[in-house]
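K.L.:
Sequential numbering of the sequence shown, starting at 4, is according to this note's numbering.
Derived from the structure by calculation, the hints contain no laboratory data.
Given the structure is predicted, the values throughout are model-derived calculations rather than measurements.
Any given hint might turn out to be false.
Lysine-lysine pairs mimicking DSBU-like chemistry, simulated, CA-CA at most 35 angstroms apart [claimed, not checked]:
id, residue 1, residue 2
1, Lys65, Lys114
2, Lys114, Lys59
3, Lys139, Lys114
4, Lys164, Lys96
5, Lys59, Lys139
6, Lys139, Lys65
7, Lys65, Lys96
8, Lys96, Lys114
9, Lys114, Lys164
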Amino acid sequence: MYPMSMGDPGLFPDTSWSLVSRLCATGQERYREGLDDLCRRYWNPAFAYVRAAWAKSGEEAKDLTQAFFLWLIEDEALRSYLPERGGFRPFLKTLLRRFVGHQAVALDRLKRGGGRTILPLDGRDLPAADETDPEKAFERAWLTEVVDAALRRVRARREEKGDVLSFRLYDAADLAPAAPSYAELAERHGVREGEVRDRLYALREEIRSEVRRELARLTSDDQDLEHEWRSFLGA
C-alpha cells in the first residue's frame with residue numbers, strides 16, 4: 004500500500020497551484036505528496052467516470068480506479084501537465100480517456116503487487132451508479148466532494164461554538180426526504196418560527212460562502228473561480 008497522509012479526506016487545505024507545483028516538482032518526495040493529495044481529492048470522481056465509461060460493477064470499477072492511480076504513479080503521466088494550457092480537472096479527464104489503452108497493463112501490475120491499495124476505502128462513500136455519461140458522472144462526484152467538504156467545515160465550526168440546533172434544523176429542512184414546514188420545526192424544537200427562518204438563512208449563507216472558498220482553493224485564478232461558481236449555481 005502506498006503511504007497516505009489521510010487526516011480528514013474531505014478537507015482540502017492546499018490550493019490547486021500548490022498541488023500542481025508538487026506534481027511538477029523534480030523531487031520524488033514532493034511528487035509523492037502531490038499524488039497523495041490527488042488521490043484524496045479525485046478518487047471518487049475518477050471512480051464515477053470509470054464506472055460510467057466502462058459499465059463496470061462497483062468492485063470492478065474500484066479495481067480499475069486503483070489501477071488508474073497506480074498508472075499515474077508508476078508512469079508519472081502527471082508530469083506532462085502544463086497549467087497555462089488549461090485547468091487540472093479537464094487534464095485529469097484526458098488522462099482517464101487515455102487510460103483505456105493502458106488498463107490491461109495497469110491491472111496486471113495491480114495484481115502482481117498483491118492488489119496494493121492506492122487509497123484506503125473503508126467507510127468511504129462511493130458515488131451511486133445513476134449516470135451513464137462519464138463526463139457528467141465525474142463532474143457530479145467532484146461537486147459532491149466539494150459540497151461535502153464545505154458542509155463538514157461549517158458543521159465543525161458550529162459545533163465548536165456549541166450551536167447544534169442550526170444543523171438539526173438544516174438536516175430536517177434541507178436534507179430530509181420530506182421536509183417539514185418552519186412552523187413544524189419550531190414546534191418540534193421549542194423555538195419561534197422566526198428563529199427557525201433566521202437560523203436557516205444564516206446557515207445556508209455560511210455554507211454557500213464556504214463552498215465558494217472551497218472552489219477558490221481548487222482553482223488557479225479569479226476567472227477560473229467565477230466559471231466554477233457559475234457552474235455550481237447552475238448545477
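K.L.:
If a hint holds in the structure, say so; if it doesn't, say that too.
P.N.:
Verification of the supplied hints:
1. Lys65 x Lys114: holds, 13 angstroms
2. Lys114 x Lys59: holds, 18 angstroms
3. Lys139 x Lys114: holds, 30 angstroms
4. Lys164 x Lys96: violated, 40 angstroms
5. Lys59 x Lys139: Holds. Lys59 to Lys139 sits at ~16 angstroms (cutoff 35 angstroms).
6. Lys139 x Lys65: Since the Cα atoms of Lys139 and Lys65 sit roughly 18 angstroms apart, the hinted pair holds (cutoff 35 angstroms).
7. Lys65 x Lys96: Status holds; Cα separation ~17 angstroms.
8. Lys96 x Lys114: Roughly 24 angstroms separates the two Cα atoms, so the pair holds.
9. Lys114 x Lys164: Outside the cut-off at roughly 48 angstroms; violated.
This entry does not satisfy hints 4, 9, going by the numbered hints stated previously.
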